[in-house]
Amino acid sequence: MTYLFQQILNGLQLGSIYALIALGYTMVYGILTMINFAHGDLFMVGAFLCFILAALLGLSFIPTLLLTMFGVACVGVLIERAAYKPLRQAPRVSAIITALGVGLFLENFTLALSPYPKQIPQFLTSVTWTIGGVSFSTLQVFIIGLSVLLMIILDVVVRRTMIGMAMRAISWDKFVAPLVGVPVDFVISVTFAIGTSLGGAAGVLYGLAYPVIDPYMGIMVGWKAFISAVVGGIGNVRGAMIGGYILGMLEILVVVVFPSTYRDLVTFTLLLVLLIFRPYGILGNPVPQKV
Amino acid sequence: MSILAIQGLTHKFGGLTAVSDLNLTLNAHELVGVIGPNGAGKTTVFNIISGVYRPSRGSILLEGVELVGKSPSQITNLGIARTFQNIRLFRELSVLDNVRIAHYGQVRYNALEALFHVGRFKKEEARIIEHSMELLALLRIDAAADVQAKNLPYGLQRRVEIARALATRPRLLLLDEPAAGMNPNEIDQLMDLIHWIRDEFNLTTLLIEHQMALVMSICERLLVLDFGETIAEGRPEEIQSDQRVLEAYLGDTVT
Amino acid sequence: MFCINTLMVRNRWLAPCVLGLLFLFSIAVQRFELLDPYVQLILIYVGINIILTASLNLVNGYMGEFSVGHAGFMAVGAYTASLMTVRLLPPQMAGLSFPIAVICGGFVAAVVGLVVAFPSFKTRGDYLAIVTLSFGMIVKSVIENINAIGGPRGFLGMEKLTTLPWVFVWTVLSVWVIRNLVYSKFGRGVLSIREDEIASNLMGVDTRHVKVLAFVVSSFFAGVAGALYAHVLQFITPRAFDIIKSTDILIMVYLGGIGSLAGSIIGATVYTVLLEVLRPMGVWRMVFMPLVLVLLMLYRPKGIMGLKEFPWFVPIRDLLAVRSWREKKQATR
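Protein chains in written order, with my numbering: chain A, 1 to 291; chain B, 1001 to 1255; chain C, 2001 to 2333.
Every clue listed holds true.
One-sided excerpt, in silico: chain A residues whose CB lies under 7 Å from chain C: (1) S94; (2) T98; (3) L100; (4) L104; (5) F105; (6) N108; (7) F109; (8) V230; (9) T261; (10) L265; (11) L272.
Derived lysine-lysine pairs resembling DSSO-like cross-links, with alpha carbons at most 30 Å apart: (12) B/K1123 - C/K2329; (13) C/K2328 - B/K1150; (14) C/K2245 - A/K118; (15) A/K174 - B/K1012; (16) C/K2308 - C/K2328; (17) B/K1123 - C/K2328; (18) C/K2308 - B/K1123; (19) C/K2308 - C/K2245; (20) B/K1122 - C/K2329; (21) A/K174 - A/K85; (22) B/K1150 - C/K2329; (23) A/K85 - C/K2245; (24) C/K2308 - A/K85; (25) C/K2245 - C/K2160; (26) B/K1150 - A/K85; (27) B/K1122 - C/K2308; (28) B/K1150 - A/K174; (29) B/K1122 - B/K1150; (30) B/K1150 - C/K2308; (31) C/K2308 - C/K2329; (32) C/K2328 - B/K1122.
It should be emphasised that the hints constitute simulated quantities derived from the structure, not laboratory data.
Quick reminder that beta carbons are idealized off the backbone N, C-alpha and C, glycines included.
If we strip away everything but chain A, and leave its shape as in the complex, we get (with noise of 0.2 Å):
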């Protein structure tokens, strides 16, 4: 029971961190229908951005999280405007190829700087509580409550104020959209900038979680999220959130049950089966084609 109880808390943590990256790939998606592929890579140059402001700099978890996620949010809205934007005339999978290629020069560019494997100091007190038999640390319930935090403020962003209305209008028609008066430009660049400051939060969350980080830490992180907002889905942000949640519980309960190295296999053919029976994920709706 006790067991159960910490695996369940562990996939919290880990879906805590998928949602946070599914959250960038389903708002880019919703406004432009574009799979920005070098999301992943991003939430890396998020936790290597921690690791230099905490390890290199020595500053505290606040200011460190703070800056990370303006920094990256910088990189985000750095490619925007350099290589996307110039393609959003272009076939759709020219932006795609494009982003598989951002995401291979952030990996390989880190990698340059970086050819080890780097350590995230410890540098929030972790201290475990036990409360009726059940312990837990404290380190955990803060990235879960601080993933959650964070995903009301967006879900409030989305939904109460004017820019959220914005980006729903581009994702509903984007030919309309600027004819009413929406600054297409900049609503695009603020949900990039939003989408990626998530993720770079995401690194850090991550970098608290699992210390060690590398270049190619964002792929299969990235890979996976991207397929938790499919599964949620994709265009929809609290679909992103459940998906995240989905798949970080999966894979973390599928190690209850099965070896730990059936855990990419049964996860994907879990959901594999689940997109077979709702095609357009949980929240999403088929879109109706016109003839």
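Following the hints, put chains B and C in place on chain A, whose structure we already have.
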């Protein structure tokens, strides 16, 4: 003799009834027009007949064969071809390829023969090219056979769409607003063309159109839809004086 | 008239002659070591990459779908063929058993492709990307969990059976078969799906059938390439066929140009050779290459060749269809 028999056809999008209890029988070699205000459900009827949508209720018989539940490609290969309101050519491909693609159902070779270019492949390919070029020549667009479809002027694109539809060897041709975006001169040519291909290919034709002049002059029978309901059916001159039709088009202020 | 006739004669006989001479040359190179072994190795990789690129181009370029699991099919072919040459077939008859093993690698990959294709083309456009992505991870995970074939440690014991002449034959065969498919009713169906799937279906094209066929053929050649790859490296691990490998193949496809076999050949060659030439740059070449790709996409979004094809890859029948019809008309008039 009837070629197409539609009975009790109803289609709902969510709460909206786009087509309600439509009945229509087309006789062989007939030219029938479907008219009605925007949003009356005309294109939806075409989409149901050609298999893009599966109707909520009703049956469609093509010479006794039930079409409901069949895929668009099966329906096409049974003998129904169509054009589109907003031209949907394969834009990056040549005009010849556009027409060749529509021969898909008639080409008699299998995947293995295609992979190694053996067996019936060569003969069939030669036949398809020949047939496609003859079709293009009949529609007087053979000069543009090598041109990418997207580079043709609008009027010619319409012709290519008709040629492509004819390439499937249809018995029933569905034309969705063929005159949209054309000038009066082009419309005159189009009218001649529609008449001519009907006789040349022995077709039954169902036509959606907004240009009243065109519909009234070439159709033998008209069907008027409004909000998915059939509000009138009959010969053009009967329709012209029908009270409900006038109301649908001009609003209920007409007395 | 004269011009066309000479063109026909040239096309019909010249291509087989040139290919035949090149084949003899490749045998000579191998037998008498005319080229440095290192250069031979690079040529072998170029050939394998051409097979991979051309086959993926069929699905991603000609058909306009987005498959990201090509390395998975490669893995299936590589393991199947390696198991056959190492465990099943007698090693004395390598000359005979190797082609059998390669073909079997292709077939097993094709069967797996069939299984993947059925659910993938059911509903939506980017569904295939998701299914193939998951498929790639599942394949890797399955192999890692089978201890009999080495699990995560990999599989070894293959002899170096992949030689320059073999690679040459397989490359020519793959490109030829893919070209044949492209210039057939199925290939035109594939193109029409890229252009407008609904219209294609409404013109009588059995789009489901066409998609599955293209995907299965594509998987077959990925399997063949995998089999060849395994018998150059002589040691394969599941990690050699992960998502990074799939990304490499994607890059070659879009670098060369979608919907063009000449593009695939150029893309695979340029990418493979450039990576070798830039080897002195060390890690920085891997920084440089993606930059080139991004710049290419920005200034030539359809790749080096765009949608254009080198005329030699087009069958004469198609190349001259309109012209010879017109001439025939003229003659009868």
